[in-house]
Amino acid sequence: MSHAPATEPAPPIYELKNVVKTRASEGYGFRLRVPSLRIHPGEKIALIGESGCGKSTLLDMLAFVLQPTRCERFVFRVDETDQDIAGAWKRRRQNRLAALRRRHLGYVMQTGGLLPYLTVRENIDLSRRILGMKDDGTVDKLARELGLDRHLKKYPADLSTGERQRVAIGRALAHRPAIVIADEPTASVDPFAAERIMALFMEMVEERNITVIVASHAWRHIKQLGLRRLAHHTRRSKDGRMAETVVSG
Amino acid sequence: MRQWMQTFALATRDYFHEWQISVCFVLALAAVLGPMMVLFGLKFGIVGSMIDELREDPAKREIRPVGSGRYDGAWIERLARRRDVAFVVPRVRSIAATLEVASDRAARILPLEVIPSAEGDPLLPPGTAVPEGFDRVVLSASAARKLQVGVGDGLTGSLVRRYQGRKERVHLPLTVVGVVPARVFGRDALFASVALNEALEDFRDGHAVPALGWEGSPPGRRTYTGFRLYARSIYDVAGLEAAFERRGIEVRTQSADIATVQRMDQTLSAIYWAIALIGLAGFSLSLGASLWANVDRKRRELSVLRLVGFRTGDIVWFPLVQSLYTALLGWALAVAIYRAAAWGINLMLAPQLDAAQQVCRLLPEHYAVALGLTLGASVLAAILAGLRAARVEPSEGLREL
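Line by line, the protein sequences give chains A and B.
Each residue of the first sequence is one higher than the one before, counting from 16 in the numbering used here.
Each residue of the second sequence is one higher than the one before, counting from 9 in the numbering used here.
Source of the hints: derived by calculation from the structure; they are not laboratory data.
We treat Cβ as the ideally placed atom computed from N, Cα and C, and that holds for glycine.
Treat the hints with care, since some could be wrong.
From the derived model, a few chain B residues whose C-beta atoms are all more than 10 Å from chain A [unchecked claim]:
1. Leu18
2. Leu50
3. Ala149
Residues on chain A that point at chain B, a partial pick, calculated with CB under 8 Å [claimed, not checked]:
4. Asp75
5. Arg116
6. Gly128
7. Leu130
8. Pro131
9. Leu133
Just chain A, with the same shape it has in the complex:
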């Protein structure tokens, strides 16, 4: 089901050109450079690499929660409108970015990111509730698919790690976003469960025709899920104080 960009008539949903994020701490520097990146609607993207190589940095920039240090072009195209993300950051239009996140993005974090004071049902419903979406059975359907029907009234603290990740997936999908970004969604789960959850996740986004970007440190178990892998390589300076990762695709 992967789409080749050359034959895809629809314009890209993400278009990045020369986007750079630099970080420095205690004498160690890190730079993520994206010379060019285009992601098309419906694509399933994999970002594979060891932790610390800059995967999360890229995902956070794609989720509009991290400001790029430098940026030639960063366009998010949705509802047939180009959203100038680079410009929004420059003009500090945080609320504009929050609105885009709210409407079009789902995010699955490495460890849940659930609100401990809301029940499973309310956690899944959160992304719908801030959009003022009425209860139309979506949450229950998601919960059924994710095998969470029995847990809807529980609090996150009463769930296993795997169950929590499934709640997080539910929350990321509940408001029917255009994109779901998942940062090592199964890293904290045992390998067997991880494989099952990942397969379920991919099945669900495919069913809903959602563009998905997944970061993972293990290519092995997502290889067979038909994702396009972004090319990236990391270089270190001789003294090991400076690392640069270049991602493109």
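On the provided structure of chain A, position chain B as indicated by the hints.
Structure of chain B alone, referenced to chain A:
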């Protein structure tokens, strides 16, 4: 608006979900605010009742000239116009200011001290009729008891003079229009108008009093030997005393008593404010620190809210709403602590006090001030903490564990 409501709802859920921690915040606040309220209640109650006592007792405001002098009517009138003088009437010679009074009910004739009085006399309780003309008089409670009369009863006053070698007695029909309670005035006395006082003196001096049909020589230029003067408030007594002494008029006042209470008020106030400032500083620090720490603790959850799409501006409300809960509940608990403590203290000291007196007392506005201070301090601390939370890039808090 929708997001604001949701932030409010989420902050509320969180606050009560983590009730153990919320209870700690509330207790920490009440533990500082409660004792402060008790302290202020004590200071306000003790000094307040002492000052009330001073204020309510007109004797404390009285300024009496020592010995007798010569004052003319115009001078007395100028005194009456002073802003710090509540009431002043001239006195005639004390030897002249007496009257023998008889009633139909009592067997004996009672010699009474006659006290000049008029509208506004602080010794006349509110609602008491004012002595007027030559017949309407007010009795002290002891005089009324001895004469067995009350308001509305008639009396006969009589006085004697030796005039042109003859002993002359005149009678004077009087009506009791009021009685001054014993706690205000203890001696046997008759409060009469200045005109009646002057008539008594004139008659005894051998002058004519045409209004009463008493004959004698024409009266000369009138001077008075003294006056009855009450300052407007206890705080005016010292100033008036100094003014009289500058003119060489020696006066007797209760200024020493007043000064003692005022000094005590100042000392207690100073002590209170010292403790209150330390308490307030500790209170602000404890509230600020706990709210600050709370925002730090919740950074990840707040970041998640921003990731889900809550606006930065709405995030500031999150700690604010929670700190308002802490402030309200903490204040309510502090009020409960104060009420219990005040009840205990007042009960313990009740035997030493008048029925209406309270050692530990706060007015409704004091509760409001305490609430206002608490809300203000917590809103300030929460806004500072919330702005700090909002200033952090949303991605930064996400991966902390």
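* Of the hints given before, which are not true for this structure? -> 1
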